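S.K.: Please put together the full structure from these sequences, using the hints given.
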Amino acid sequence: MSSTTAVRPATGTPPTTRRPRRRLSGRALSFIILTIGLLVWLVPFAWMALGSVKTQSEILQRPPTWWPENPTGDNFAQWFGPLDFGTFFTNSLVVAVVTVLGNLIFCSMVGYALAKMEFPGKKILFAVVMITLMVPGVVTFVPLFVMVSKLGLVNSYAALILPFITAPLGVFLMRQFMLGIPEALIEAARIDGASELRIFARVVMPLCGPPLATLAILTFLTSWNNFLWPLVSAQTESMYTLPVALSLYSTGQNATNYGLLLAGSVLVITPILALFVVLQRYFIQGIATAGLK
Amino acid sequence: MRPGPAGRPSNGRRSTGPSSQKRRQALIAWGFCLPFVIVFGIFMVVPLVGSFAMSFTDFTARDIPSPFSVNFTGLEQYGALFSDPRFVKSLGVTAIFVVVGIPVTMAVALGLALALNMSKGKFVSFLRVGFYAPVVTSIVAVAVVWRYILQPEGLLNSALAVVGIDGPNWLNDPSWALPSLIMMAVWRNVGTLMVIFLAGLQAVPEEVQEAAVMDGASPFRRLRSVTLPLLRPTLLLGAILISVGYLQFFEEAFVMTKGGPLDSTLSVAYYTYQQFGFGEYGLASAASYVLFLAIALISLLQFRLLRSKD
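Those sequence lines, one after another, are chains S and B.
Under the numbering used here, the first sequence has 319 at position 276, and the numbering climbs by one with no breaks.
Under the numbering used here, the second sequence has 315 at position 12, and the numbering climbs by one with no breaks.
Hint data in this document are derived by calculation from the structure and do not stem from the laboratory.
Quick caveat, the model's predicted, so the values are computed rather than measured.
The C-beta atom is built at its ideal place from N, Cα and C for all residues, glycine as well.
A portion of the hints provided could be inaccurate.
Across the chosen pairs, the derived CB separations fall in these ranges [claimed, not checked]: (1) S:R105 x B:F523: 41 to 47 Å; (2) B:G424 x S:L322: 30 to 36 Å; (3) S:L228 x B:G334: 18 to 24 Å; (4) B:P406 x S:S68: 26 to 32 Å; (5) B:S369 x S:R105: 43 to 49 Å; (6) S:A201 x B:R326: 49 to 55 Å; (7) B:L603 x S:R324: 44 to 50 Å; (8) S:S68 x B:L603: 53 to 59 Å; (9) S:I75 x B:A364: 55 to 61 Å; (10) B:Q512 x S:P253: 57 to 63 Å; (11) B:P406 x S:A89: 25 to 31 Å; (12) B:V348 x S:R233: 30 to 36 Å; (13) B:R327 x S:L322: 24 to 30 Å.
Derived pair list, reagent style SDA-like, types lysine to any residue, alpha-carbon separation capped at 20 Å [claimed, not checked]: (14) B:K561 x B:I399; (15) B:K561 x S:W272; (16) B:K425 x S:L240; (17) B:K561 x S:V275; (18) B:K423 x S:L72; (19) S:K193 x B:K425; (20) S:K165 x S:L212; (21) S:K193 x B:G467; (22) B:K423 x S:T78; (23) B:K325 x S:A227; (24) S:K166 x S:L212; (25) S:K193 x B:S372; (26) B:K392 x B:T376; (27) B:K425 x S:Q323; (28) B:K325 x S:G164; (29) S:K166 x B:G334; (30) S:K165 x B:V340; (31) S:K166 x S:G223; (32) S:K166 x B:G344; (33) S:K193 x B:V349; (34) B:K423 x S:A71; (35) S:K193 x B:G353; (36) S:K166 x B:R607; (37) B:K561 x B:W479; (38) B:K561 x B:P536; (39) B:K392 x B:Q551.
M.R.: And the structure:
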């Protein structure tokens with residue numbers, strides 16, 4: 044890397060001996076600052092992980108210890124024992140996976156119609172999608188709750204999933220990408236007599252890998268971390284998702300049992316962090332596209 | 304028929320085929336939209352319209368069994384809202400959160416993006432991942448550890464004690480609770496802006512920088528006179544993006560302070576949630592529409608901005 048930067052200035056000005064060195068020192072400086080910054084940035088994660096294996100008495104010790112003196116797995120054992128981690132995890136996973144699948148299918152279908160077909164009402168449909176894109180969660184919250192309870196859906200997977208199984212952002216992302224697919228490709232298939240469903244499934248969707256991946260990751264992330272709606276609509280332990288379980292155990296008699304709560308936190312964020320580390324390029328791209336487009 | 308540069312199949316008049324063909328295509332198109340229209344209509348559009356309608360009524364939790372007993376009250380709820388000192392306070396709290404939170408988040412994100420842009424190699428992506436990690440974590444988990452860090456004798460105050468500072472009782476002190484939440488929000492959101500700024504920085508042409516170097520501009524001068532002006536559209540976009548999120552500021556207050564102490568972290572969204580809890584659905588809806596209006600205005604600004612960029 045440094046060789047390319049050393050060569051480039053040579054095309055410019057005479058003092059080639061001075062400039063590369065200044066660049067390098069600037070780089071070294073930023074490198075040091077970034078490394079220190081990152082260490083500070085990651086302290087909450089480290090503190091969470093370290094605290095999760097401390098005993099209750101060590102957690103309460105003042106001043107706090109950095110390294111656990113007698114590391115213990117008790118906090119985790121509680122989650123896997125008396126507290127029903129398996130159920131919460133399964134709920135979170137089922138809700139997230141179904142929500143993701145629903146979004147991929149529904150949003151790409153609408154995206155296809157909006158991008159590649161002409162029909163009366165198209166402009167209105169797109170306008171509705173764009174308007175709902177900026178609706179803050181609290182706006183629909185109240186009537187949604189009234190409606191879900193009227194429909195008798197409270198405390199069911201349906202209540203956790205249905206409000207999120209479609210999203211305007213997904214429609215928008217898919218439409219934007221599909222606009223870029225050459226019309227000629229679709230016309231050719233139409234002339235060959237392929238049905239629209241066939242064109243959609245065999246021609247368009249195979250080209251949509253990148254936006255589908257983005258949408259899947261964004262939706263999974265949102266669903267996994269979703270908190271307020273599940274808190275309201277899941278009312279028995281058998282329906283809690285992980286964040287709901289964690290938040291409910293962090294009040295009441297467990298409010299000061301930080302060891303238990305930190306272990307729970309570790310359990311909530313580990314799956315999504317693992318996914319993030321593996322797919323980080325797509326996560327970051329996803330946020331960038333969702334934000335920029 | 305070529306799609307225009309914006310990709311719009313212009314005017315949409317397809318000269319091929321008779322009108323029955325067009326009707327058929329319209330039917331197929333709506334067929335593609337149907338599942339979305341039904342689910343989205345029921346779970347998004349109906350509540351959205353419902354909430355708007357509710358904001359003009361005296362709907363409360365008691366009316367759920369018999370919705371026909373609800374009275375139309377016009378703008379009364381909006382009037383009640385603005386004469387409620389707690390709502391006015393929540394406007395102030397949200398404003399502080401936005402007005403202080405955005406510049407701080409942007410400054411940190413910009414600093415990181417500039418530094419990351421300067422360094423190259425494998426380690427950069429490692430750094431980027433590290434700074435981005437808080438973005439993907441659950442707010443509840445984050446709240447647990449931050450509450451633990453911000454305890455009167457927690458990690459932060461122990462660290463401050465080392466340098467001789469007597470730290471406050473962060474979350475229980477009305478004057479420090481909101482700053483604590485802003486601090487946590489910055490930690491959690493910097494990654495998003497950092498990524499956007501980094502993309503903007505990488506779009507700054509190398510030649511422009513080199514030209515400035517040739518003219519003998521110092522690094523600081525280059526930043527001020529070359530990089531930042533070129534980055535302005537990206538910075539503005541970042542500010543708008545993050546402001547939409549910060550205006551809705553709720554979960555931080557919910558999981559950390561419950562709006563307290565003394566309503567010092569009562570945001571508009573939290574006020575709305577509270578009124579909902581009290582069963583004051585009309586008032587809650589009115590409050591949520593005030594918030595919606597603010598967010599819609601900012602989003603419109605964003606679309607204008609993006610359009611002018613094309």
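S.K.: Does each hint hold? Answer for all of them.
M.R.: Going through the hints against the structure:
1. Between S:R105 and B:F523 the C-beta distance comes to about 44 Å, which sits within the given range of 41 to 47 Å.
2. Between B:G424 and S:L322 the Cβ separation comes to about 21 Å, which falls outside the hinted range of 30 to 36 Å.
3. Between S:L228 and B:G334 the beta carbons are some 21 Å apart, a value that agrees with the proposed interval 18 to 24 Å.
4. The beta-carbon spacing between B:P406 and S:S68, approximately 29 Å, falls within the hinted interval of 26 to 32 Å.
5. Between B:S369 and S:R105 the C-beta distance comes to about 56 Å, which lies outside the given range of 43 to 49 Å.
6. Checked against the given bound of 49 to 55 Å, the beta carbons of S:A201 and B:R326, roughly 35 Å apart, lie outside it.
7. The supplied range of 44 to 50 Å is broken by B:L603 and S:R324, whose beta-carbon atoms lie about 32 Å from each other.
8. S:S68 and B:L603 have their C-beta atoms about 46 Å apart, which leaves the hinted 53 to 59 Å range violated.
9. In this structure the hint that S:I75 and B:A364 lie 55 to 61 Å apart at CB holds, the actual value being about 58 Å.
10. Range check, B:Q512 to S:P253: about 30 Å between beta-carbon atoms, so the 57 to 63 Å window is missed.
11. Restraint check, B:P406 to S:A89: a C-beta distance of roughly 28 Å satisfies the suggested window 25 to 31 Å.
12. Roughly 32 Å separates the CB atoms of B:V348 and S:R233, a value that falls within the hinted 30 to 36 Å.
13. The hinted window of 24 to 30 Å between B:R327 and S:L322 is violated, with their beta carbons roughly 41 Å apart.
14. Between the alpha carbons of B:K561 and B:I399 the distance comes to roughly 17 Å, so the proposed pair stays at or under 20 Å and holds.
15. Between B:K561 and S:W272 the alpha-carbon distance is near 17 Å, which keeps this suggested pair within the 20 Å criterion.
16. Taking the CA atoms of B:K425 and S:L240, the gap is about 44 Å. The hint is violated against a cut of 20 Å.
17. Proximity of B:K561 to S:V275 is assessed by CA-CA distance (about 16 Å); at most 20 Å being required, the pair is judged to hold.
18. Between the alpha carbons of B:K423 and S:L72 the distance comes to roughly 13 Å, so the proposed pair stays at or under 20 Å and holds.
19. The hinted pair formed by S:K193 and B:K425 fails the criterion: a straight-line CA distance of about 55 Å is larger than 20 Å.
20. Proposed proximity of S:K165 and S:L212 is supported: the alpha carbons are some 17 Å apart, at most 20 Å.
21. Distance restraint check for S:K193 and B:G467: the Cα-Cα separation of roughly 58 Å exceeds the 20 Å cut-off, and the hinted pair is therefore not satisfied.
22. For a cut-off of 20 Å, the pair hint linking B:K423 to S:T78 stands: about 13 Å separates their Cα positions.
23. Pair hint B:K325 plus S:A227 holds up; C-alpha atoms about 19 Å apart against a cutoff of 20 Å.
24. For the proposed pair S:K166 and S:L212, the alpha carbon gap of about 17 Å is at most 20 Å, so the pair holds.
25. For the hint pairing S:K193 with B:S372, the CA-to-CA distance comes to about 17 Å; that is within 20 Å, so the pair holds.
26. Taking the CA atoms of B:K392 and B:T376, the gap is near 24 Å; set against the 20 Å cutoff, the hint is violated.
27. Pair hint B:K425 plus S:Q323 holds up; C-alpha atoms about 14 Å apart against a cutoff of 20 Å.
28. Proposed proximity of B:K325 and S:G164 is supported: the alpha carbons are some 14 Å apart, at most 20 Å.
29. For the hint linking S:K166 to B:G334, the alpha-carbon distance of about 16 Å falls within 20 Å, and the restraint holds.
30. For the hint pairing S:K165 with B:V340, the CA-to-CA distance comes to about 12 Å; that is within 20 Å, so the pair holds.
31. Of the pairs offered as hints, the one joining S:K166 and S:G223 holds, with about 19 Å between alpha carbons and a cut-off of 20 Å not exceeded.
32. Note on S:K166 and B:G344: the hinted pairing holds, with a Cα-Cα distance of about 16 Å set against a maximum of 20 Å.
33. For the hint linking S:K193 to B:V349, the alpha-carbon distance of about 14 Å falls within 20 Å, and the restraint holds.
34. Of the supplied pair hints, the one linking B:K423 and S:A71 holds, its CA atoms being roughly 11 Å apart against a limit of 20 Å.
35. Straight-line distance between C-alpha atoms of S:K193 and B:G353 comes to about 14 Å, which keeps the hinted pair within the 20 Å bound.
36. Among the hinted pairs, S:K166 with B:R607 is consistent with the structure: their alpha-carbon atoms are about 18 Å apart, no more than 20 Å.
37. Taken as a hint, the B:K561 and B:W479 pair is honoured in the structure, with Cα atoms around 14 Å apart against an allowance of 20 Å.
38. For the hint linking B:K561 to B:P536, the alpha-carbon distance of about 37 Å lies beyond 20 Å, and the restraint is violated.
39. Between the alpha carbons of B:K392 and B:Q551 the distance comes to roughly 15 Å, so the proposed pair stays at or under 20 Å and holds.
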